[in-house]
Amino acid sequence: MQTEFHAALWQQDKHLLRDIKARGASEQDSRFSVYRNNVQHSLIEALSDIFPVCKQLVGEAFFHTMARQYSYQTLPKSPVLSDYGDTFADFIQTFVPAQSLPYLADLCRLEYRLLQLTHQAEAATLTLAQAQQRLSQVQQPDTLQLTLSANCELMQSPYAIGSLYLAHRQATPDLSQLNVYQPEALLLTKDGLYGCCYVISQAQHAFLNALIEGHRLGEALPEDVSGTAFDLGQTLAQLMKWQVFSDIKES
Amino acid sequence: MLKHTLAAAQTEGHVPSGFATRTGISLKPRYYEDILAQRPEVGFFEIHAENYLSAGGPARYYLDLIRQYYDISVHGVGLSLGGDEPLDVAHLERVAALVERIEPAMFSEHLAWSRHQNSFLNDLLPVPYTPERLQVLCEHVDQVQTRLKRQILIENPSSYVEFHSSAMPETEFIHELAQRTGCGLLLDINNVEVSCFNHGHNPYQYLLDFPMRAVQQIHLAGYALDEHAALALKIDSHDAPVADEVWQLYQYALQRIGDCPTLIERDGQLPELSQLLKEAQQADQIRANAQELRHAN
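As given, the protein sequences belong to chains V and E, one line each in that order.
All residue numbers for the first sequence refer to my numbering, where the first residue is 8 and numbers rise by one.
All residue numbers for the second sequence refer to my numbering, where the first residue is 2 and numbers rise by one.
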């Protein structure tokens, strides 16, 4: 029975429709359509909540078309709807009408990760003052072990998705200065209860990646990455202000 | 960095106890700050279990704060109790952890299914009222009550179809379910109005037939009227104020069962908090009048 209902949610199923009490085929269809519409509508709504910037970028009608198509192919695996949409970005890459926006898929990957971060437990981190105090006591900087909190992750894209995302977080997005067709590296973490992202340089990305892999400060310093200078003092000051360290100690 | 702290709430030593006596409303993120700032006089807040399972973030943070001041009831929308497949045990475990952590005044779920193999359909889908379905549903309710170590309430559905294969009326099916499992019932009066309208039944007769002795909570909500298709249908949309005919059915139900914990349920087109509080007060007034009437008789 339920297999039939399930099939009928996405396509007309004559056998199931026959079990519905009604005065004719069109009434059966009207009744059954309520469920079909509810499921579709609720999944499109869920995707709208998970990918708000993507929706803002492409507009309501286009987003609905994309979301409806995706939800036909991919239903949620879990009743926890904030998990839904983990393959939405992959779908967008194959969605022909979205080909003119090649950065859209990576933007969706970013939005999805930020929502997952929002739902993650908030890791304990050092306040700016605590971090400064630890650093001031350091004897041998090279052996410093700078541990990033469990909320930290890195992203890279051939497109400026972080800047695009952050611009859309403003009440009136100003995209006049933004060239989205340039690579960008991002640090994703939590600011209070919510996932957030910071645009970082490629050299900072390499540095943070080395820290995440467990390297000590001396080993983590990046070599000259694509010509961009790496300013350790400035980078550390920035990271301490963002409160991303769970621990700083000499090892 | 965070505005509110748990410790501040705990020191006031307030023990929430409003569930039984005052009407509650749905807890929605847009109300979090207003609730903490205003501390409105409302009986309790109801949450959808599936929206509060995360390990962090605003949902968990605000729920932990708000439950310091108010009773919480948990309404599950994803266990798929009416499904013909085994329950998703991993999901049941997550729900159980939530229930253990926040110790709600009540836990309720639906007479519906929503899961098929590994897919979740995110709607409350209809169950044919056959002895076989009843048996499976009873087993699922038993399983949940055993795991949660408490009696749960099952809600009557809003429906748009009736099946030829159903062997008994909905009220009889629900009566049997409560009898066999010892579960309580959540009487959703908007669902009664919606389903009876859609199937041409008399909602007052439905309430006469409903196993009222097992009812431990009432839901009131708004519906939408869909007149686009071949026939007009009332849709259980939860996006409008409680309709007049639902208020009247509510009065009638209270005459039959006496006082009952009540929720104003709202999920869409969210109004200002004060608007929902007004509806809760309206329910409280009807409850008070019904009590007086019963004492007078």
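Keep in mind that a hint or two might mislead.
Once the Cα atoms are required to be at most 27 Å apart in a straight line, the calculated DSS-like pairs of lysine-lysine come out as [as the list claims (entries may be wrong)]:
hint : chain 1 : residue 1 : chain 2 : residue 2
1    : E       : LYS4      : E       : LYS29
2    : E       : LYS29     : V       : LYS84
3    : E       : LYS29     : V       : LYS248
Here are the simulated distance ranges between beta carbons [to be verified]:
hint : chain 1 : residue 1 : chain 2 : residue 2 : range
4    : E       : ALA91     : V       : SER143    : 40 to 50 Å
5    : E       : GLU246    : V       : SER49     : 20 to 30 Å
6    : V       : LYS28     : E       : HIS229    : 52 to 62 Å
7    : E       : PRO170    : V       : LYS84     : 31 to 41 Å
8    : E       : PHE198    : V       : PHE69     : 46 to 56 Å
9    : E       : MET213    : V       : GLY66     : 35 to 45 Å
10   : E       : HIS229    : V       : GLN80     : 44 to 54 Å
11   : E       : HIS229    : V       : LEU135    : 18 to 28 Å
12   : V       : ASP238    : E       : ASP268    : 47 to 57 Å
13   : V       : LYS84     : E       : GLU293    : 16 to 26 Å
If you're looking for bench data, these hints aren't it; they were derived computationally from the structure.
For glycine and all other residues, C-beta sits at the position ideal for the given N, C-alpha and C.
Self-check item: Enumerated hints in conflict with the structure, sorted upward
Solution: 3, 6, 8, 9, 10, 11, 13
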